[in-house]
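*Asks:* So you can see what is in the structure, the chains are spelled out below.
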Amino acid sequence: MHKIVRLQKTAFDAAAEVASLTAGRKDIGALVTFTGHCRDEAGALAGLEIEVYPEMAEAEIERVAYEAARRWPLEALLVIHRHGEIRPGEPIVLVAAAAEHRAAAFAAAEFLMDYLKTAAPFWKKTRRNDGHPGDWVAAREEDDVAVQKWQTAPGKS
Amino acid sequence: MHKIVRLQKTAFDAAAEVASLTAGRKDIGALVTFTGHCRDEAGALAGLEIEVYPEMAEAEIERVAYEAARRWPLEALLVIHRHGEIRPGEPIVLVAAAAEHRAAAFAAAEFLMDYLKTAAPFWKKTRRNDGHPGDWVAAREEDDVAVQKWQTAPGKS
Amino acid sequence: MKARYFAWVRERIGLGEEEIAPPASVTTVAELVVWLKRRGENYAAAFADERAVRAALDRRHVKPEQPIASAKEIAFFPPMTGG
Amino acid sequence: MKARYFAWVRERIGLGEEEIAPPASVTTVAELVVWLKRRGENYAAAFADERAVRAALDRRHVKPEQPIASAKEIAFFPPMTGG
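Chains as they are written, first to last, in this note's numbering: chain R, 1 to 157; chain S, 1 to 157; chain W, 1 to 83; chain C, 1 to 83.
Be aware that one or more of the hints could be misleading.
With a straight-line cut-off of 25 Å between C-alpha atoms, the simulated PhoX-like cross-links for lysine-lysine are [said to hold, decoys possible]:
| no. | chain 1 | residue 1 | chain 2 | residue 2 |
| --- | --- | --- | --- | --- |
| 1 | S | Lys-149 | R | Lys-149 |
| 2 | S | Lys-149 | W | Lys-63 |
| 3 | W | Lys-63 | W | Lys-2 |
| 4 | R | Lys-26 | S | Lys-125 |
| 5 | S | Lys-26 | S | Lys-3 |
| 6 | S | Lys-26 | R | Lys-9 |
| 7 | C | Lys-37 | C | Lys-72 |
| 8 | C | Lys-2 | C | Lys-63 |
| 9 | W | Lys-2 | W | Lys-72 |
| 10 | C | Lys-37 | C | Lys-63 |
| 11 | C | Lys-2 | C | Lys-72 |
| 12 | R | Lys-149 | C | Lys-63 |
| 13 | S | Lys-9 | S | Lys-125 |
| 14 | R | Lys-125 | S | Lys-26 |
| 15 | C | Lys-2 | C | Lys-37 |
| 16 | W | Lys-37 | W | Lys-2 |
| 17 | W | Lys-37 | W | Lys-63 |
| 18 | R | Lys-125 | R | Lys-9 |
| 19 | R | Lys-26 | S | Lys-9 |
| 20 | W | Lys-37 | W | Lys-72 |
| 21 | R | Lys-3 | R | Lys-26 |
If we take Cβ atoms under 10 Å as the criterion, some of the chain S residues that face chain W in the derived model are [to be verified]:
| no. | residue |
| --- | --- |
| 22 | Met-56 |
| 23 | Ala-57 |
| 24 | His-81 |
| 25 | Gly-84 |
| 26 | Val-95 |
| 27 | Tyr-115 |
| 28 | Asp-143 |
Derived from the structure by calculation, the hints contain no laboratory data.
Because the structure is a prediction, the values reported are computed rather than measured.
C-beta atoms are modelled at their ideal positions from N, C-alpha and C, and glycine is treated no differently.
Next comes chain R alone, as it looks inside the complex (with noise of 0.2 Å):
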């Protein structure tokens, strides 16, 4: 299976990463993408400072790429996380996986960022536009909820 993970400051260019993963390839019938975008709060965010463990971040998104190839059968996956400034509409994370049928690819992406959002060590910090600091995001109920249905599910199904 063709894997990429990185983390980076830079913007990425979604499209592009997403073409690099499959190019050439006439074995893959379904792939599956999702990009986080910085949102502006209707005009309130200057943008967001994230914060890494940069050698813990890539341990773990490692460790859960590797959970999601056993659980599905995989063509290719793709994690690409950002840290550093990021503006209103700039991406912050990419996911993509690709498989031959589409329910294993939606399950590994959606799996995927289950994980990213409760495991992975990132923090987001808000800049706003009124010149008051910032504060730090606060973790999603949700996000902790959503991460529990997958310690139930079967393997490669």
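Put chains S, W and C on the given structure of chain R with help from the hints.
*Replies:* Okay, now just chains S, W and C, sitting in the frame of chain R:
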């Protein structure tokens, strides 16, 4: 909500289509795309010929897109489905769903695909490399099972 | 009314579409299928396994027991394989 | 061992990382937190709500009752908000 539904014979550039859907938007936090490609089945296939009932296909896709927008809080929705001759590696279908948070985007994209597979009037016939006549692709029982889960699913979540 | 046929239903019948005028006694989709099967071997072959053929009335999926009523267009086709 | 702090844990302590040498009586992550809180008001503030702080030992998530054993690196941070 920004919505695009299109049937066409020509190939499409999935990246450019998705870019045009979300260009300049700063309110989209999550974007899920699904691309279905023509596989070559280890070199056995020269491609697919996709037959369509065009008037009904447009009506069905519009109906399913409307239902997706009713069930989940979406910012944008895109469905492009090809018909006619498709070569291995080429895209057949593109679905994109954009929302503030990822759960709605994932659910809407998977919902759209499950309904497209079982309710949109398209039929695939294989074209073989060995000169023998191709066969009509049989419907997959998994697809009928997959679509059933949405019949008991709640509304906006 | 107009009848339209797709995929292997179209191939077996040998037509993509035609005008049909079933008698007033034909009131449901299932009854129309019985009537069509009597039109020739090609129709009988297309509808040999009736459960394998789906129908749409005025471009909406319908079940065999659906009344035809004043529909303008009926379509017959195998289970769909798009996406 | 090396201690690393992230996000508001880092801000409250005022350090990103430091070398620490807890006594042999400190054997678990929870005991290390108790020991750190005694080092000053900044540490006490960072760990005021212990349930809000997560820990990783040699870059793997661990629970408070986890033995430190011979770990080389411990990290403390709030619940993650990546993705």
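*Asks:* Compare the structure with each hint and give your call.
*Replies:* Here is how each hint holds up against the structure:
1. S:Lys-149 / R:Lys-149: Roughly 16 Å between the alpha carbons, so the hint for Lys-149 of chain S and Lys-149 of chain R holds.
2. S:Lys-149 / W:Lys-63: 21 Å, holds
3. W:Lys-63 / W:Lys-2: 18 Å, holds
4. R:Lys-26 / S:Lys-125: 17 Å, holds
5. S:Lys-26 / S:Lys-3: Status holds; Cα separation ~17 Å.
6. S:Lys-26 / R:Lys-9: With Cα atoms ~20 Å apart, Lys-26 of chain S and Lys-9 of chain R stay inside 25 Å; holds.
7. C:Lys-37 / C:Lys-72: 20 Å, holds
8. C:Lys-2 / C:Lys-63: 18 Å, holds
9. W:Lys-2 / W:Lys-72: 6 Å, holds
10. C:Lys-37 / C:Lys-63: Holds, because 18 Å separates the two Cα atoms, which is no more than 25 Å.
11. C:Lys-2 / C:Lys-72: 6 Å, holds
12. R:Lys-149 / C:Lys-63: Cα-Cα ~21 Å, so holds.
13. S:Lys-9 / S:Lys-125: 15 Å, holds
14. R:Lys-125 / S:Lys-26: Holds, because 17 Å separates the two Cα atoms, which is no more than 25 Å.
15. C:Lys-2 / C:Lys-37: 16 Å, holds
16. W:Lys-37 / W:Lys-2: Distance of about 17 Å is within 25 Å: holds.
17. W:Lys-37 / W:Lys-63: Status holds; Cα separation ~18 Å.
18. R:Lys-125 / R:Lys-9: Within the cut-off at roughly 15 Å; holds.
19. R:Lys-26 / S:Lys-9: 20 Å, holds
20. W:Lys-37 / W:Lys-72: Holds: Lys-37 of chain W and Lys-72 of chain W sit about 20 Å apart, inside 25 Å.
21. R:Lys-3 / R:Lys-26: The hint holds at about 17 Å.
22. Met-56: 4 Å, holds
23. Ala-57: 8 Å, holds
24. His-81: 6 Å, holds
25. Gly-84: Cβ of Gly-84 of chain S sits 13 Å from chain W, so the hint is violated.
26. Val-95: This hint holds: Val-95 of chain S lies near chain W, its Cβ roughly 9 Å from the closest one there, short of 10 Å.
27. Tyr-115: Holds: closest Cβ of chain W sits about 9 Å from Tyr-115 of chain S, inside 10 Å.
28. Asp-143: Because about 8 Å separates Asp-143 of chain S from the closest Cβ in chain W, which is inside the 10 Å limit, the hint holds.
Hint compliance for this structure: hint 25 is the single one not met.
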